[in-house]
Amino acid sequence: MDQVGSLLDRPRFYYNIDGMAELGGSVTCLGYALLLWLQTHSSANSVWHRISIFAFVGLMLVIHYGTKAIKTHITYPRTGFVEYRKRYRRLTTIIAGALAALVPVGLVIGSRRHWDITTPASLMGLVFAAAYAYQIARPVRWKWVVVWAMTLGSLVIAFLPADVLGALANDSSAAHPVRAKLAGTILLYLTIYGTILLISGGISLWLYVRHTQAPAREDQ
Amino acid sequence: MNQRIRTIADLDRVIHEPGRLMIVALLFAVDGSDFLYLQHETGMNKGTLSSHLSRLEEAGYVEVSKTYRGKVPQTLLCLTSAGRKAFEQYRRKLKEAL
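Chains C and X are the protein sequences, given in the same order.
Residue 665 is where the first sequence starts when you use this note's numbering, and the numbers rise one by one after that.
Residue 44 is where the second sequence starts when you use this note's numbering, and the numbers rise one by one after that.
Treat the hints with care, since some could be wrong.
Straight-line C-alpha distance at most 20 Å; calculated DMTMM-like pairs for lysine to aspartate or glutamate [claimed, not checked]:
| no. | chain 1 | residue 1 | chain 2 | residue 2 |
| --- | --- | --- | --- | --- |
| 1 | C | K735 | X | E84 |
| 2 | X | K138 | C | D673 |
| 3 | X | K128 | C | D673 |
| 4 | X | K109 | C | E747 |
Quick list of simulated restraints, FRET-style, between CB atoms [said to hold, decoys possible]:
| no. | chain 1 | residue 1 | chain 2 | residue 2 | range |
| --- | --- | --- | --- | --- | --- |
| 5 | C | A762 | X | R47 | 23 to 29 Å |
| 6 | X | E60 | C | R749 | 23 to 29 Å |
| 7 | X | K138 | C | V721 | 25 to 31 Å |
Here are a few chain C residues that face chain X, going by a calculated C-beta distance under 10 Å [claimed, not checked]:
| no. | residue |
| --- | --- |
| 8 | S670 |
| 9 | R674 |
| 10 | Y678 |
| 11 | R742 |
| 12 | V746 |
| 13 | K750 |
| 14 | P879 |
By construction, these hints were calculated from the structure, which means they are not laboratory data.
From the three backbone atoms N, C-alpha and C, an ideal C-beta is built for every residue, glycine too.
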């Protein structure tokens with residue numbers, strides 16, 4: 665029965681066979697990190713503070729159409745096309761959207777209530793690493809290195825001195841020390857996780873392209 | 044013990060064959076896929092996969108449609124509702140038997 669269960673999981677793992685799930689995640693993280701950096705290093709009435717929603721929509725469009733283009737031109741001709749179940753697709757979209765929206769919402773709430781964000785942020789990082797391990801790293805042994813890198817990154821950020829985190833976002837728009845610390849923590853998280861996912865996704869895509877070939881046309 | 048043996052004897056023979064079980068399980072988890080995906084995931088050659096798919100199509104468990112992706116012909120496969128029910132029933136019976 666376990667073998668049947670593992671077969672049922674195969675299509676889910678197949679989505680990241682080319683590293684596209686990780687590359688999509690890295691674009692989200694690095695895109696938000698860039699936006700946050702621009703916001704914290706510009707004046708309060710600058711244009712960067714007014715385009716959050718457009719940036720969110722833009723990032724989602726880039727990820728959606730970018731993934732589709734790569735899948736259509738690289739993945740489907742090599743290892744085949746899969747139409748995922750609508751219910752699963754909807755659930756994935758909702759989870760990805762909620763996670764992507766959580767960052768700016770958390771930033772706003774945290775800054776208004778003056779939370780000490782370090783501990784919840786480190787927990788969030790560990791949850792993210794666990795989710796990555798379950799969803800992506802299980803079938804690919806070398807990706808456990810990525811899980812450990814994420815875990816280590818979370819712990820390092822959690823133990824970094826507040827001054828260091830605050831200094832990352834220390835500017836006019838984040839003048840309050842608590843707000844600066846919060847923005848610095850999230851900025852560091854997004855940058856580290858985005859970079860890790862970019863490297864891991866890039867290696868996956870490279871390995872995929874290297875080890876798979878589109879079959880001759882008559883084989884289809 | 045007799046009940047167990049009876050349950051095993053009742054298993055759907057079309058699905059119980061390992062190659063076809065792989066195909067049905069893979070298709071159960073998705074809305075559909077192409078021939079190439081099944082070939083990649085099962086590791087079967089084209090002839091073996093085709094013969095299993097024909098058997099499943101005869102049983103009314105799989106629907107096969109031919110289409111084009113650009114200029115490349117593509118064979119799309121999906122599990123019919125009868126196929127889904129049969130697989131669910133097969134899993135239930137197998138759980139009972141084990």
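*What are the numbers of the hints the structure violates, in ascending order?*
5, 7
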